[in-house]
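Listed here are the chains, written in short residue letters.
Protein chains: 2
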Amino acid sequence: MPLDQTPIIDALIQIVGEANLIQNEQDKARYLMDWRKQYNGNSMAVVKPATTAEVSAILKLADEQNIAIIPQGGNTGLCGGATPDQGEHNLVISTERMKTIREVDTSSQTITVEAGCILDHIKSAADEHGLLFPLDLGARGTCQIGGNLSTNAGGLNVIRYGNTRELTLGIEVVLMGGKVLSLLSKLKKDNTGYDLKDLFIGAEGTLGVITAATLKLFPKPIATTTGFAAMRDIDAAISLLHRCQAASGGNVIAFELMPKTIIENVRHFYPDTPLPISDIPRFSALIEIASTAEDSGTPDHEGTMPLEKNLTEVLAKAIEDGLVLDATIARNLTQRNTIWQIRELTPESEIKAGKAYKSDISIPLKHMSAFYDEAEKAATAIMPGIRIFGFGHLGDGNLHYNLSEPQEKRSDFLEYYPAFDEMMKTLVMKYEGSISAEHGIGQKKRDVFISTKDPVALEVMRSIKVALDPKHLMNPGKVV
Amino acid sequence: MPLDQTPIIDALIQIVGEANLIQNEQDKARYLMDWRKQYNGNSMAVVKPATTAEVSAILKLADEQNIAIIPQGGNTGLCGGATPDQGEHNLVISTERMKTIREVDTSSQTITVEAGCILDHIKSAADEHGLLFPLDLGARGTCQIGGNLSTNAGGLNVIRYGNTRELTLGIEVVLMGGKVLSLLSKLKKDNTGYDLKDLFIGAEGTLGVITAATLKLFPKPIATTTGFAAMRDIDAAISLLHRCQAASGGNVIAFELMPKTIIENVRHFYPDTPLPISDIPRFSALIEIASTAEDSGTPDHEGTMPLEKNLTEVLAKAIEDGLVLDATIARNLTQRNTIWQIRELTPESEIKAGKAYKSDISIPLKHMSAFYDEAEKAATAIMPGIRIFGFGHLGDGNLHYNLSEPQEKRSDFLEYYPAFDEMMKTLVMKYEGSISAEHGIGQKKRDVFISTKDPVALEVMRSIKVALDPKHLMNPGKVV
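Protein sequences, first through last, are from chains A and B. Start counting the first sequence at 0; every next residue gets the next number (numbering that gives the first Met the number 0). Start counting the second sequence at 0; every next residue gets the next number (numbering that gives the first Met the number 0).
So that you can see chain A by itself, here it is in the shape it has in the complex (with noise of 0.2 angstroms):
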């Protein structure tokens, strides 16, 4: 450690005390890698604040003496956007021990929770009053929600709930210089001035620190049902998705494309995995609609559960009409596991067909299927043989388009990735759609984003990022 920095770590000592300072490379090293392994940095220390009083300390001396931050929640990012660069005149700021639940308003129906708070245990706090906290993806249990806030995650159910902005109503940020941003309120209509809280969401940690949160909590679902259609191709898909939202009110909280190549590969590594239905078409979908009506639970008077007999009809009306070629609805929950198997286990048996090509694009519904035919047939003309394991989020626009080397496995797989890349991008810009839905730009996406992104949109950053940074302290060499 070279001399001059001993001065600011006897300061960082006095704000947050020793014991949560880290200075030792050992105990650095996991905070300076992420967790996928694909980016690593350098950094004085991590400093682990408790409070946001703290966290104001810290920015205040990072301000004083020119001190980059990079904050970091869980670590579960995708995009390298809470690892320090190579520099060392940095700190990580981890908001771990921040991690008050400061209050459960059931009246109001919000939680308001500190940075450092682990997703799951939001959720759990609100479950325990009887609410939902809906925000959920695979890293529930490690990822913190300032993370989540600060990429702007996404995950499951966000068709029927919104992503991590839509959710919440007021946050707390710390600036680079110290300054307490207070925005923490739980109003759902409030027109004075700017949206700011917008603006700090999903900015990654690039122009404050978000230290607090106040978020949307709905009631519970009571009852669930469970779908699986062979579709005749996306477009009716699509039909049969807004259909599904018309006669559920708006309670679909899957809906998910299935492409056969998928089905087949996860069929090839879990042979025992049954089939929802006997003839797989090039596309099928999986379907789910949730209910928090008190009724939805009680069969009728034939015997039928409500949200059943909702989801077949609309199946049958869709068969009838030539959209879906079979069907099948989870009459228990044995038939429900069965039907959500195959895609549960996707992603591993994508891992175990090789190294794959991965995105997470969102493309407008109306171009959706002709932008699946061209990329599959630019990424073969790339490389004969590439496995296309296009998947996902249908309902939301969001597939997370992976091309799967082929059967016969190649070594030069990885020197293909810079014209996957120049594909994708050219073909994600042609049908207007976006090279990050949910996972965000970090350092991993920041060249793309940047030779994509309208060149007046990146000016109109740049600028509030020099407003509110002058000096680029913030997570620097991040988004803009």
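Keep in mind that the hints are not guaranteed to be accurate.
Any copy will do: because identical chains look the same in the list, a pair fits if it lies in one copy or spans two.
In silico DSS-like links for lysine-lysine, alpha-carbon gap of 27 angstroms or less [as the list claims (entries may be wrong)]: (1) 59 to 464; (2) 408 to 316; (3) 452 to 178; (4) 464 to 452; (5) 452 to 59; (6) 178 to 351; (7) 464 to 178.
For the record, the hints were derived by calculation from the structure and aren't laboratory data.
Starting from the known structure of chain A, arrange chain B on it as the hints suggest.
Coordinates of chain B only, in the frame set by chain A:
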């Protein structure tokens, strides 16, 4: 007109043509005064561009010549946000000629419209495609979507569909200097950089001129049920709201608080107005639930409409639990109209009752009851005999808490406005509410906004304003 304006006028004529530049005082007048005649200003001319390119050319000229610009839609705002000030070196830009509906996309369920489209025309265009654009307010036949976007308009049905911000997927904005920011998008998920869209929505034309937007469309409700319930108190009404939301799967489209004072006032001026129930307590609630499900319009085997049955069960349980004292549900359209009649006659009856101090506040539901009572006491202490007309969108936490002059009229009523202002401001702050839930800031609420908003928030807003409009030419004197 000072001589030095001639080249500016010539340049404007080059851009929009002589027919679309209004210079004479008589024709200008209606653009220089808000419709409630609260504000009046001056302007060198009113310019009416037909395209985004023309708006861009005007803003380039304005920047070069240091001319302030005041964007104006249907001029139906309530806070003077579209009215120029007393200076003359400004231009009113009316978007009234920009009324093209660029696209209705039934697959993506979006509509792309230009800023000058009348709200009602957008609703009709959606309707022609079998879909709903849910934004709705009294001025629907006159207001333009550009104004709705710039003020983040609320109105009816916000409880179900959100305000204008939540209904918007993308926007196109012209910045001071003429650059066009293209954020038109049909995507529900897009995490590429800062959320600029939501910054411009609700900025009241102080950051740029919104020229187009892509808006969300929804399936049309097929059936509606309407009820009226006499409530134990406000907290009971909030519990009932939550129960209705759970029971309907979030499909409550109106939940309006109606105090006895208002019902009596309506009946005083319109004695033939029927009471939905015989004994009216201090607070009642008007509830409406809608469904998009095909079978929601079909009676069940007992002859009851599913939605009606649903609401009946909720109300019966609430009576059993002591929340509701008495209730009725409309069995047909006539009964529905009867229930709505009192609510719809409320504004007119309020005017007939005399002068009224008006407000547009939101309060967290948890504090609503305490706020209501304390504000009533405080207002009565300022002026004995004052009548509390606090009604409106309880479902959104948004009340129009109006103070109607005592039955024995007072010539000095207006002199008490500063005292009412102070009282409302103090109590709204005490209960963590907002002094402008849906009407915005404009000129009218600028002082109270600046004196109540978090100072750090104001500072951030000002730094964003300076970053995007360093010469303060965009709608000066409004918001920040």
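Hints and how they fare:
With identical chains, the CA atoms of residue 59 and residue 464 are at most 27 angstroms apart both within one copy (18 angstroms) and between copies (24 angstroms). Neither within a single protomer nor between protomers do residue 408 and residue 316 lie at most 27 angstroms apart by alpha-carbon distance, with minima of 44 angstroms and 64 angstroms respectively. Taking the shortest alpha-carbon separations for residue 452 and residue 178, only the inter-copy value of 15 angstroms comes in at or below 27 angstroms, while the best intra-copy value is 31 angstroms. Proximity of residue 464 and residue 452 under a CA criterion of 27 angstroms is satisfied in both settings, with 16 angstroms inside one chain copy and 22 angstroms between copies.
Taking identical chains as interchangeable, the C-alpha atoms of residue 452 and residue 59 lie at most 27 angstroms apart only when they sit on different chains, with a minimum of 23 angstroms there against 33 angstroms within one chain. Proximity of residue 178 and residue 351 under a CA criterion of 27 angstroms is satisfied in neither setting, with 49 angstroms inside one chain copy and 50 angstroms between copies. With identical chains, the CA atoms of residue 464 and residue 178 are at most 27 angstroms apart both within one copy (16 angstroms) and between copies (19 angstroms).
Hints 2, 6, counting from the list given before, are not met by this structure.
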